[in-house]
Each structure stands twice: as C-alpha cells, then as structure tokens.
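Asker: Chain by chain, the residues run as shown.
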Amino acid sequence: MTPEQTAAAPPAASAASAEEARVGVVTPAPASGPVASAPSRVDVSPEAAAFLVSLTAQHGPLMFHQSGGCCDGSSPMCYPVGFFRVGAVDVHLGDLHVDGIDPIEVYMSRSQFEYWKYTHLTIDVVPGRGAGFSVESPEGKRFLIRSRMLTDDELRAFGLDEAVTGAGAVAPA
Amino acid sequence: MTVTTPPNTYAAPGRPDAKVAFKPRYDHFIGGEYVAPASGQYFENPSPVNGKVFTEVARGNAADVDKAVEAAWRAFDSWKKTTIAQRALILNRIADVMEANLEMLAVAETWDNGKPIREALAADVPLAIDHFRYFAGAIRAQEGSTGEIDADTVAYHFHEPLGVVGQIIPWNFPLLMAVWKLAPALAAGNCVVLKPAEQTPASIHVFMDLIKDLLPAGVLNIVNGFGVEAGAPLASHPNIRKIAFTGETTTGRLIMQMASENLIPVTLELGGKSPNVFFADVADERDDFYDKALEGFSFFNLNSGEVCTCPSRALVQQSIYDQFTADGVERVKKVKQGNPLSMDTMIGAQASNDQLEKILSYMDIGKQEGATLLLGGDRADLGGDLTEGYYVNPTIFEGRNSMRIFQEEIFGPVLSLTSFSDYDDAIKIANDTLYGLGAGVWSRNGAQLYRAGRDIQAGRVWSNTYHQYPAGAAFGGYKQSGIGRENHKMMLDHYQQTKNLLVSYADGPMGFF
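If you're matching them up, the sequences are chains U and V in order. Just so we're on the same page, my numbering is the position in the first sequence counted from 1, plus 114. Just so we're on the same page, my numbering is the position in the second sequence counted from 1, plus 4.
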C-alpha cells in the first residue's frame, strides 16, 4: 500500500490487531519474518502517546505535519485538526492509534517524502522548547522524530522493491 | 560558576563582574513600557551554556498581541509623519548605543543562545549595529519617481509605509535576525510587533532596555511567548499589514495560509541544505588559498551549525578527495570546544535540549543509512558546571547525497561529505535538494567559479568565501527556502507600498462628457 492509497483509505487500525491498536504501538515486522498485513510508516512512542492524550483533552483532535528546513525544521508539528490545511502537495503517511482518542493523521509534503520514503518514523517526545506553532511547546516538551530504515519486507510492501538489494541495504536512486 | 576561569573568559551573568545583569523577570514591552502578561503567567528561560534557568519571561497570548497591535497603530499616526532624516537619525543613535554596549549585548547573546562569545563579539553584534546604519543610509538615499505621461499629465510615485507589521524571530541569531527585520521596517516608517523565539527571549530585552528611550512609544513592541499562544495570534491578526518569519517550512506554509486570509504579504526565510563545492584546482598549491579553503570546509561549525546557510554538504572533486578531506578532517579536529564565554572557544552549545536531541537523532539515522563516520558523532560532556549544557562534538559523515543527512538541515555541527566527478556532476548534486538558500564554491579558475555560482540554484553563492553577511549583500532563498531578500535595501520594498498620484495640469476637460 502506498501512502497515496492510504490517504484515501480507512484508518490503518482496521487492519492492525486489536492489541496493537489498544497500546498504540505497532511492532515492526522483523526483517526475516513474514510481511505484516498492514505495514505502517509511522508509529508513536508510549511517552508520546500518553502526552497526545492530554494534549487532545486541551486542544481537541490533533494531527501532525512533518516540517523541513531551518531552525525547528525536521520537527513533527502537532496542530488541532483544521488549523493547518493540508493540500495536494502533501502525503498522508498514516495514522497514530492511541487508546481513547481519534486516530491522529500524519502528513508530509510530497517533495520531502521523496527523500524520506525509505525510513520509518516514530514520533517521540523529549524535554525541550520548540518554536513554530506546535501545540506542545508550552508544556516544556517537544515532539521528535526517531527514524529507522524500512525493512526489506516493508520496502516491498510499499512498492519500493527497487530499493531492496541482496544485502538488505537501501540504495536510493 | 565554579569552573576555573581563564583570564580571557567573560564572567557568567549572575556574577558581580559580569558584563550583563539580566533581570529576574521580563514582561512584554508594549506602548513604550513594560506590561505584565494578560495571563499573569511567565515561563522559565534556561541558558544552553549550563542548562540552568536564569530569568523568566512573560507568557503572551492573543490578548497581549491585541494590546501590542493597538499600541502600534496608535504610534503609527505620528511615526509615519516623521521625516526620513529623523528616522535615519534614530537608527544611527540605536547603532551608537549598541556599539557603546557591545560587550554587554554579546555576553547576553551568548548566555541566551550558547554561541561562542568571540562570534557574538565579532559577528552578531557588529553586524546588527552596521545593519541599522546601512538602513539609515539607504532610507536617506531612497527617492520616489516621477513619470511624464504627456505634456499635462504626471505620475508621481511615493514610498509609503505599510502600517503595523508582525515579525517572528528565530533563535539562532536572536539579536541579528531581529535587527535584519527591524531596521528596514522602522526605516520605512512602519510600527512593529515583534515576537522573539521562546528559546531565546532574553537578549532582545537587554537590547530593548538600552534603546527604549530612542524610539517613540509604541513604534516597537515586543510580545514574548510560545508560537502557538503568541506567534499564531500575531501571524493571523487582522490588523497587521505584513508578517515576516524566519524558521521552517511547515510553519512557513501555515503563516502563508494565515496571511492569505488577511490578504497581506509575507516574507519568509525557511532554511536550506547548503552545498559547499570544492573543485580540484583548490589543491594545486599548498598556499594561503588552500588554507582558506580548509577553513571553508570547517565553517559548518560556525554558531554550532545553527545557521540557515550552514555549509552542511561538502562536495569535493574525486581527484583531490582523499588528500583534501584528510586535511579537512584534521582542520576540524582543531576546532576548540569549551565554555562559550571563553575567547578561545570556537564552538559553543546548541541552543536547546530538543535541538541537541534532534541532532543526536540525525546521527543515529546517518549511521543506519550506512554513512561512514569520520569524526565525532556524539554528545560532548564538558564537565564541571557545563556538564548539563547542550554540547555536540563536531561530526563528519561520508555518504551519498540521497541520504537523509544530506537532505535535511540538521542545524548542528554535522557535515555530510561526498565526492563528484566533474563540473556537471557537481552542479547536479549541489542542486539535488529541496532548498536553495546558500551555497559555497571554491576554485582558482575565475570562469569556473563564476559559472558554478550562476548554475547553483541558491539565493546566495559564496565564491571563494563563506559565512560573510555584510549589509548590502542580498540574502534570501530559491525554491523552498523562502520569499524575499533581507540584508539589502531591496528589503525596503517589502515594508513599503507605492502611492501613485496621477496629476493632470491641463486647463480644460478631457471631452468625454
């Protein structure tokens, strides 16, 4: 499933196991194991999931847009749904599933995604103070992206077979 | 502080011999006076030098922004009528006061941001001072125009200020970036509501305290606070006539969305991933020029890498790659890290804990992507009272331009190094990026230097130099790096609107009716 398809599809939680959805953490498929039925590009750490519950209580339903560029570029910006207008230039990477709140959509601009498509992103939270208009900064915390390379199975599942080599390394064009 | 203080080290704020004494608390500055925040709340401000809180700052919200915008409009009626000579004189006086307090401002900047004091003393503050003087001169020399449409009809063009403008300042050069926006706006006759970055909210108040009596009340207003609580209400305020922002792409888009609702102009500077291209003839001799080029290679450490134009991609021609990069790595090893208040220190602290965490996360993904670590790659613990500060070892990765560490502005002292085969390959790699703010080119061949500078899609191409920011050299981005050109008199256009008077001196009617 490509992100483009995901954007128009129901939340990926429908395909994830109930247990995974309940804890909000989708365990990535091991590189040598079978392809997961619903591989995901995005995930959320337990700390960030708990934090999102309290932020949702304050601000209502939330979404993320991954930033690029200077200063706080590379930070995932968290906004109330509707505050930031996503457009045709954006890719819907997937949803974060956290018990008790609506699925949280995660977006990135398509041009940036071209460079990021080989990596899996986990939204984590650290102490800090981000600029930008992201909702968490008054709390003394900052959302942060943790990245890992997609496994060969995930690459195939996302239609990125050309990136899979015998050694399991990623060789982007 | 309990660390041993070498004689060339400035005393840390808080000590009696410090050059700056921060107040324990900073309110907003609105309508010519300090005003407590509407919420009654303040937020703590730690120094990245040691991670410890040294002051607290007003936590602004929409009510504070409203108050500041109102105060600014009240001031505008008389400010717009000041003569250009009066405004230029005020800008020059601001520059003079800053110059007389250069060390105070530099120490304040270092303590708030973490940058080495020698950079603040030699670059940040002197450039800010000169920036006021440059726009004092530019506005004096600016003229409107007249057009003779026909023998009886004349078009007069006058420059008029926009009114009240909003400015949102980044944390990497808190004073200099504020002045880049303030000087043209004030010179052109606008009133300003300025929101400093929440990571570095203090040094601008040291500046404001010094110059507050030079400006009429309400001409410059400072509202502190978090982006979501104070920045967004400012950017979306229906009574501002322009919004200026330096930062990243998502917030840049959001600010444009807000500006679109109010149909007001924006200027944006959104960063880059600047290539620094070294052609083979750089290594033809082992002379001063070769030495200069190695300094150019090392410039990714300036301001701890927290520069929108950080030369964070080094592209070295294959024929000299092994020797030049070996020499470059040796040069970077000599970059001295330490107490930012020491004049010996060449690289200081990152501005915040989350910035430190982000840099470390990029080091992690760089290793995962298969980049080869040539130097650094981890956090630095400077020990003593600095052990809680946010320090990173200068880091060099060798890899391919398609890797994420080559495509995203890490905003730390992290260099991504790769090679190119020939001229076309160099330009292709240099331009393979979403951004186009800065670039560097190094060559002994003037024609090659010129062609490369023209072929690289970036707003500023340093040619046989890097990281110079003199007033009078336009600075701004191609591609996703932003809109507008700062640091040059053309920025006046972004803070002015044109009034055309179309005047008929004919005695009789036109003859239609």
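For the record, the hints were derived by calculation from the structure and aren't laboratory data. Note that the structure is a prediction, hence the values are computed from the model and not measured. Cβ coordinates follow ideal geometry from the N, Cα and C atoms, glycine included. There may be inaccurate statements among the hints.
To be verified - With the Cβ distance kept under 8 Å, some of the chain U side facing chain V (calculated, not the full set):
| id | residue |
| --- | --- |
| 1 | 152 |
| 2 | 188 |
| 3 | 260 |
| 4 | 269 |
As the list claims (entries may be wrong) - Partial list, computed: chain V residues near chain U (C-beta under 8 Å):
| id | residue |
| --- | --- |
| 5 | 160 |
| 6 | 161 |
| 7 | 231 |
| 8 | 252 |
| 9 | 469 |
| 10 | 471 |
Asker: Take the shortest C-beta to C-beta distance between residue 152 (chain U) and chain V; is it under 8 Å?
Answerer: violated (23 Å)
Asker: Against chain V, run the beta carbon of residue 260 (chain U) and see if the smallest gap drops under 8 Å.
Answerer: holds (6 Å)
Asker: Take the shortest C-beta to C-beta distance between residue 160 (chain V) and chain U; is it under 8 Å?
Answerer: violated (40 Å)
Asker: The hint names residue 161 (chain V) as touching chain U; please verify it with the least Cβ-Cβ distance against 8 Å.
Answerer: violated (35 Å)
Asker: So, residue 231 (chain V) near chain U? Judge it on the closest CB pair being under 8 Å.
Answerer: holds (4 Å)
Asker: Go through the hint on residue 469 (chain V) and say holds or violated, using the shortest Cβ distance to chain U against 8 Å.
Answerer: Cβ of residue 469 (chain V) sits 21 Å from chain U, so the hint is violated.
Asker: Is the interface hint satisfied for residue 269 (chain U)? The criterion is a beta-carbon contact with chain V at less than 8 Å.
Answerer: Check failed: Cβ of residue 269 (chain U) comes no nearer than 14 Å to chain V, outside 8 Å.
Asker: Using 8 Å as the Cβ threshold, decide whether residue 188 (chain U) counts as touching chain V.
Answerer: holds (5 Å)
Asker: Should the interface hint for residue 252 (chain V) be scored as holding, given a Cβ-Cβ cut-off of 8 Å against chain U?
Answerer: Holds: closest Cβ of chain U sits about 4 Å from residue 252 (chain V), inside 8 Å.
Asker: Hey, does the residue 471 (chain V) contact hint survive, CB to chain U under 8 Å?
Answerer: Given a least distance of 15 Å, the restraint on residue 471 (chain V) is violated.
Checked against the numbered hints above, the structure breaks hints 1, 4, 5, 6, 9 and 10 and satisfies the rest.
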